[in-house]
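Here the protein sequences come in this chain order: A and B. Mapping the first sequence onto our numbering, position 208 (from 1) lands on 208, and the numbers just tick up by one. Our numbering runs 1000 ahead of the 1-based position in the second sequence.
Hints are not guaranteed to be accurate.
Facing chain A, from chain B, some residues (calculated, C-beta under 10 Å) [claimed, not checked]:
1. Leu1018
2. Thr1020
3. Val1023
4. Leu1024
5. Arg1026
6. Arg1027
7. Leu1030
8. Leu1038
9. Gly1056
10. Glu1089
11. Val1093
12. Asp1094
13. Leu1098
14. Leu1099
15. Arg1100
Distance windows between CB atoms, simulated [unchecked claim]:
16. A:Leu586 to B:Leu1099: 54 to 60 Å
17. A:Gly600 to B:Asp1095: 58 to 64 Å
18. A:Met597 to B:Val1061: 57 to 63 Å
19. A:Leu626 to B:Val1082: 40 to 46 Å
20. B:Pro1004 to A:Gly608: 54 to 60 Å
21. B:Asp1058 to A:Val596: 56 to 62 Å
22. B:Val1082 to A:Arg589: 54 to 60 Å
23. A:Val596 to B:Phe1064: 19 to 25 Å
24. A:Gly600 to B:Asp1058: 50 to 56 Å
25. A:Leu626 to B:Phe1064: 23 to 29 Å
26. A:Gly608 to B:Val1074: 36 to 42 Å
27. A:Met602 to B:Leu1099: 21 to 27 Å
28. A:Met597 to B:Ala1013: 51 to 57 Å
Here's a subset of chain A near chain B, in silico, CB distances under 8 Å, partners left out [stated by the list, open to error]:
29. Gln614
30. Tyr617
31. Arg619
32. Ala623
33. Ile627
Simulated from the structure, these hints should not be mistaken for lab results. We treat Cβ as the ideally placed atom computed from N, Cα and C, and that holds for glycine.
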Amino acid sequence: MTYAVWIPLLPLLGWVANGVAGGRWGRRGVATVACGTVVAAFAVGLAVLASLSSLPAGARHVEIDLYRWMAAGPITVPMRLLVDPLSAVMVLVVTGVGALIHIYSAGYMADDDAFARYFAYLNLFTASMLTLVLAGNLVVMFIGWEGVGLCSYLLIAFWFTRPAAAAAGVKAFIVTRLGDVGFLLGIFLAFGVFGTADFGVMTRDAAARLPLGGTAATALCLLLFLGACGKSAQLPLYMWLPDAMEGPTPVSALIHAATMVTAGVFMIVRMHAVYLRAPLAMDVVAVTGAVTAIFAAASALVEPDLKRVLAYSTISQLGYMFLAVGVGAWGAGIFHLTSHAFFKALLFLAAGSVMHALGGTTDMRRMGGLARPLPWTAATFGIGALALAGIPPFAGFFSKDQILSAAFHRGDVALWAVGLAAAGLTAVYIVRAFVLTFLTPAGPGPRPDRRGPTTPQREPAAGHAAPHEAPPIMGLPIQALAALTVLGGALGLSFTQPGALDRFLAPVVAAGGPDPAGGGEGTLIAVSVTVALAGVAAGWLIYGTGTLRGSSAAVRAWLSHQFYVEDFFNAVVAAPARGLAWAFDLLDREGVDGAVMSIGRMIGWGGGRLRRVQSGYLRQYAAILLIGVIVLLAYWVSR
Amino acid sequence: MSVPAPLYLSLSAVLFALGTVGVLVRRSALIVFMSVELMLNAVNLTFVTFARLRGGVDGQVLVFFVLVVAAAEVVIGLAIIVNIFRARETVDVDDVDLLRG
Chain A
1 MTYAVWIPLL
11 PLLGWVANGV
21 AGGRWGRRGV
31 ATVACGTVVA
41 AFAVGLAVLA
51 SLSSLPAGAR
61 HVEIDLYRWM
71 AAGPITVPMR
81 LLVDPLSAVM
91 VLVVTGVGAL
101 IHIYSAGYMA
111 DDDAFARYFA
121 YLNLFTASML
131 TLVLAGNLVV
141 MFIGWEGVGL
151 CSYLLIAFWF
161 TRPAAAAAGV
171 KAFIVTRLGD
181 VGFLLGIFLA
191 FGVFGTADFG
201 VMTRDAAARL
211 PLGGTAATAL
221 CLLLFLGACG
231 KSAQLPLYMW
241 LPDAMEGPTP
251 VSALIHAATM
261 VTAGVFMIVR
271 MHAVYLRAPL
281 AMDVVAVTGA
291 VTAIFAAASA
301 LVEPDLKRVL
311 AYSTISQLGY
321 MFLAVGVGAW
331 GAGIFHLTSH
341 AFFKALLFLA
351 AGSVMHALGG
361 TTDMRRMGGL
371 ARPLPWTAAT
381 FGIGALALAG
391 IPPFAGFFSK
401 DQILSAAFHR
411 GDVALWAVGL
421 AAAGLTAVYI
431 VRAFVLTFLT
441 PAGPGPRPDR
451 RGPTTPQREP
461 AAGHAAPHEA
471 PPIMGLPIQA
481 LAALTVLGGA
491 LGLSFTQPGA
501 LDRFLAPVVA
511 AGGPDPAGGG
521 EGTLIAVSVT
531 VALAGVAAGW
541 LIYGTGTLRG
551 SSAAVRAWLS
561 HQFYVEDFFN
571 AVVAAPARGL
581 AWAFDLLDRE
591 GVDGAVMSIG
601 RMIGWGGGRL
611 RRVQSGYLRQ
621 YAAILLIGVI
631 VLLAYWVSR
Chain B
1001 MSVPAPLYLS
1011 LSAVLFALGT
1021 VGVLVRRSAL
1031 IVFMSVELML
1041 NAVNLTFVTF
1051 ARLRGGVDGQ
1061 VLVFFVLVVA
1071 AAEVVIGLAI
1081 IVNIFRARET
1091 VDVDDVDLLR
1101 G
């Protein structure tokens, strides 16, 4: 199965080709190369899936060693790819959704000057992401991990002449780097404990090497989870993701919704054998996920910017995934990852279509009544919204329900209740977004806002007179994603036994998930559907008809400041860091530099004085010479 | 009739002093040059005198060396003076102060 190496290699070649010669073969050529490589990678992924399925379940673990990367004493790190059901699923999600978004981008970015640069970055991102999911050990995964971080930075700051975009890119890079420190330390610790970072070995030896609940296991898991927090925008390292919406909308869909931000969830599932040895760390993961889910859902309630609503929604849904893996429901986590990739990419692309129609507006207060000019967009956005809200029969319902019931069955009723409440809030905020964008009459423009102006005119506006539906090259990927959102639930469609995805993943995470002990499943589903419907109804009554009214200014302020988490970080982390930097600057400039400079100044001053000796009068030199000789002679004679 | 050595040495000292004063007080490069030659030859005289006193030839040999070096030095020195004169229309050593600090 060595041809699997072409999966990351093809987009990498696309990056090289478009990066080196993208200016030569025109926009059509660039788009063909970029989309073609990703589609080809998807085809290879399908072939890998087919040959993987033909193997017996126990043998679905194929390691491909490309070469020995580094060897130091007893530690050897091969450049190893690992093909198993988990990575196959991830490859198909990344290349499938990625291919659709690449195609959409060809329409969305058609008027951009840096067309080739955009697609080169996008291909590099895809290659890095595929390296990440196919990695056979933590070190190779780290290549992809950092690669996607780099591409995230490059693409958020794609319109780098806009200060907000450049700042958002830097912010994303630095905040995720905080988490990466933990990830790197986790890799070192894995080498310390196992003597290797190979996933196969770690999964096999975890039970033998790590005592249950021991310090080593807990530390290893928490360090890796810190990296996952940064990459997947969990509390407290979430604040880069809303700002990342400064990037082009397809980038938000691909990187900041469907693929890169889910890397943390994937990594934890990949390391599930180790996490099972650290119950405390799993509790931390689950609680962080649940708190993030409800926190971000609440923040989305008052956000006036359509893309930022979706960003908070992504954070919230990632919280669900961490809740899932935290309670040991590995399959449910990957299932929600997949369905979320479908419906969130759909929502983002539909939002991009709205922005395209309005010439770049993302402020929902300036939208409204768009259902009439944009029927397709409204319909597809609506499907995505219902899936996000957890209404059956859309994909989001099945995966979210699986997570909640896993939490309930494990006995974490508190986590289940928090998740349920977050689900209700989710329904409210996405109905709000849908209503404000598509149904209510267009507002008079932004009201004065406490948070200051949101950036208007993000994307290159090309003088759109009236809102109009996007061209087919953008419409078709949206519709394809809508179809996936409708049908994706079938992956986990089951009420009594594990679903198709669970069965496929079973060889990887066999030791994991809790037994869905049956019993009360119907009640749970009824409860969660009721909550989701109640949320939708509440959202409709508040924002659609205006029946429900009244809000407290204090609550609004708390929500629109995201509970002041970021202000807290500014005051506690950023301000002291700035103060420290200022002090060091002073010390360096005045202390270290000052010492060096004053020595230099002293020598310069001395030279200036000594210069006078060199008078240029030959006879003076001769006289000095004579005096010297006389002095020497006097000394000798008198001795 | 033989002249006693102290007289030679006195003459030599006088010549050397004259040369030194010449170097210090005259401003014409040519005169300074001649004064330097005077000093060199005063030294030559002492060499010969002492060689005679000691009865050896070392001092006399050394004189030949000094003569040769002095000849070479005159060649180069005069060439420099001629070039300075061509460039600056003067041989006054006080006017030639390009390297003043």
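Now for the hints, and whether the structure bears them out:
Against a cut-off of 10 Å between C-beta atoms, the interface hint on Leu1018 (chain B) is violated, since the closest Cβ of chain A lies about 14 Å away. Interface restraint check: Thr1020 (chain B) against chain A, minimum CB-CB distance 6 Å, threshold 10 Å, status holds. The criterion of a C-beta within 10 Å of any C-beta in chain A is met by Val1023 (chain B), whose closest approach is roughly 5 Å, and the hint holds. For Leu1024 (chain B), the interface hint holds, the least distance from its beta-carbon to any beta-carbon of chain A being 6 Å, beneath 10 Å.
A least Cβ separation of about 8 Å between Arg1026 (chain B) and chain A falls short of the 10 Å threshold, and the interface hint therefore holds. Below 10 Å, beta-carbon pairs count as interface contacts, and Arg1027 (chain B) has one with chain A at about 7 Å; its hint therefore holds. Residue-level restraint check for Leu1030 (chain B) is violated (minimum Cβ-Cβ distance to chain A is 13 Å; threshold 10 Å). The interface hint given for Leu1038 (chain B) is violated, since its Cβ lies 14 Å from the closest Cβ of chain A, which is over the 10 Å cut-off.
Annotation: interface hint on Gly1056 (chain B) violated; nearest CB of chain A at approximately 24 Å, more than 10 Å. For Glu1089 (chain B), the suggested interface contact is broken, since its CB lies about 18 Å from the closest CB of chain A, more than 10 Å. Because the beta carbon of Val1093 (chain B) sits about 4 Å from the nearest beta carbon in chain A, less than 10 Å, this interface hint is met. Of the supplied interface hints, the one on Asp1094 (chain B) holds, with its beta-carbon coming within about 6 Å of a beta-carbon of chain A, less than 10 Å.
For Leu1098 (chain B), the shortest C-beta to C-beta distance to chain A is roughly 7 Å, which falls under 10 Å, so the interface hint holds. Against a cut-off of 10 Å between C-beta atoms, the interface hint on Leu1099 (chain B) holds, since the closest Cβ of chain A lies about 6 Å away. The criterion of a C-beta within 10 Å of any C-beta in chain A is met by Arg1100 (chain B), whose closest approach is roughly 3 Å, and the hint holds. Taken as a hint, the range 54 to 60 Å is violated for the pair Leu586 (chain A) and Leu1099 (chain B), whose Cβ atoms sit roughly 44 Å apart.
In this structure the supplied range 58 to 64 Å is violated for Gly600 (chain A) paired with Asp1095 (chain B), their Cβ-Cβ distance being about 36 Å. The given range of 57 to 63 Å is respected by Met597 (chain A) and Val1061 (chain B), whose C-beta atoms sit roughly 59 Å from each other. Leu626 (chain A) and Val1082 (chain B) have their C-beta atoms about 27 Å apart, which leaves the hinted 40 to 46 Å range violated. Range check, Pro1004 (chain B) to Gly608 (chain A): about 56 Å between beta-carbon atoms, so the 54 to 60 Å window is met.
In this structure the supplied range 56 to 62 Å holds for Asp1058 (chain B) paired with Val596 (chain A), their Cβ-Cβ distance being about 57 Å. About 57 Å separates the C-beta atoms of Val1082 (chain B) and Arg589 (chain A), a value consistent with the hinted range of 54 to 60 Å. Evaluation of the 19 to 25 Å hint for Val596 (chain A) and Phe1064 (chain B) yields a failure: the beta carbon distance comes to about 57 Å. Checking the proposed 50 to 56 Å range against Gly600 (chain A) and Asp1058 (chain B) shows it holds: the Cβ atoms sit about 54 Å from each other.
Taken as a hint, the range 23 to 29 Å holds for the pair Leu626 (chain A) and Phe1064 (chain B), whose Cβ atoms sit roughly 27 Å apart. Range check, Gly608 (chain A) to Val1074 (chain B): about 39 Å between beta-carbon atoms, so the 36 to 42 Å window is met. Taken as a hint, the range 21 to 27 Å holds for the pair Met602 (chain A) and Leu1099 (chain B), whose Cβ atoms sit roughly 25 Å apart. Between Met597 (chain A) and Ala1013 (chain B), the C-beta spacing of about 55 Å keeps the proposed range 51 to 57 Å intact.
Annotation: interface hint on Gln614 (chain A) holds; nearest CB of chain B at approximately 3 Å, less than 8 Å. The interface hint given for Tyr617 (chain A) holds, since its Cβ lies 6 Å from the closest Cβ of chain B, which is under the 8 Å cut-off. A hinted interface residue such as Arg619 (chain A) counts as satisfied when its beta carbon comes closer than 8 Å to some beta carbon of chain B; here the least separation is about 6 Å, so the hint holds. Annotation: Ala623 (chain A) was flagged as interfacial toward chain B, and the flag holds, the nearest CB pair being 6 Å apart, inside 8 Å.
Interface restraint check: Ile627 (chain A) against chain B, minimum CB-CB distance 11 Å, threshold 8 Å, status violated.
Hint violations for this structure: numbers 1, 7, 8, 9, 10, 16, 17, 19, 23, 33, all remaining hints satisfied.
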